[in-house]
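Chemist: Chain L is already provided as a structure; the job is to place chain G on it using the hints.
Line by line, the protein sequences are chains L and G. Everything in the first sequence is counted per the numbering used here, starting at 1 for the first residue and increasing by one. Everything in the second sequence is counted per the numbering used here, starting at 1 for the first residue and increasing by one.
I should point out that these hints are in silico values taken from the structure, not numbers from a laboratory. Treat the hints loosely; a few may be bogus.
Taking lysine-lysine pairs in the DSS-like style, the calculated list, with each CA pair at most 30 angstroms apart, reads [what the hints assert, rightly or not]:
hint	chain 1	residue 1	chain 2	residue 2
1	L	Lys19	L	Lys71
2	L	Lys40	G	Lys68
3	G	Lys68	G	Lys106
4	L	Lys67	L	Lys19
5	L	Lys44	G	Lys56
6	G	Lys98	L	Lys44
7	L	Lys67	L	Lys44
8	L	Lys36	G	Lys98
9	L	Lys44	G	Lys106
10	L	Lys41	G	Lys52
11	L	Lys40	G	Lys98
12	L	Lys67	L	Lys22
13	G	Lys52	G	Lys98
Derived DEER-like restraints, expressed as beta-carbon distance ranges [claimed, not checked]:
hint	chain 1	residue 1	chain 2	residue 2	range
14	L	Met15	G	Lys56	45 to 53 angstroms
15	G	Thr28	L	Asn79	47 to 55 angstroms
16	G	Gly78	L	Asp18	44 to 52 angstroms
17	G	Lys52	L	Lys9	32 to 40 angstroms
18	L	Lys52	G	Pro10	35 to 43 angstroms
19	L	Asn26	G	Glu15	34 to 42 angstroms
20	G	Thr70	L	Asp38	28 to 36 angstroms
Beta carbons are placed, not taken as given, at the ideal position from N, Cα and C, and that holds for glycine.
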Amino acid sequence: DTAVSQTPKYLVTQMGNDKSIKCEQNLGHDTMYWYKQDSKKFLKIMFSYNNKELIINETVPNRFSPKSPDKAHLNLHINSLELGDSAVYFCASSLGLAGVVSADTQYFGPGTRLTVL
Amino acid sequence: GNSVTQMEGPVTLSEEAFLTINCTYTATGYPSLFWYVQYPGEGLQLLLKATKADDKGSNKGFEATYRKETTSFHLEKGSVQVSDSAVYFCALGDNFNKFYFGSGTKLNVKP
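Okay, chain L solo, but in the shape it has when bound (with noise of 0.2 angstroms):
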């Protein structure tokens, strides 16, 4: 019974390659996130969604594109892959969103190790 899956769990891939990484949770939460954990274990958002809305953006390049077919999923493209793009990316979800009294907990996925070579 897996809260928040992902697959690939590796994923190694030339240079200018496009791939994809999927996402779902079973936990019947209505937001979904991306992050990007580098070599030194830094975890930095990269986007988060709200019931198939886009809510954050961060400064990721335009290679980058989450999709969202429906809240228990978001899944995240990335055309032309560079070097720079090795690392572990983590898919997150949580119940709700903005505007609520205190954050909610994120629950976290296992993790993709993507390796570009």
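Modeler: Relative to chain L, chain G alone:
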């Protein structure tokens, strides 16, 4: 703006030693504070949280108190075990559910 600063690691302790990992924050508004733990090869798991000043979060022997006067949320455990070896992240969540993470502190516990 919002940010989180936590002590750099690695922190190496012997089993049953006392643990403190320092975390301080800067924030506008009234954030919630979290500690997450990441075991090797896994995603982040919530360890504990506190949603307002003077709240104490606790779980599995770990605890942290939300101190507004010192803008801190230090993680403590009285007696660490080898199984506690992991990377610990302090995080701040704002009212828009945007999270800001510290840089992580690696804990190594030796038998």
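Chemist: Out of the numbered hints, which ones does the structure contradict?
Modeler: Going through the list in order, the structure violates hint 15 alone and respects the others.
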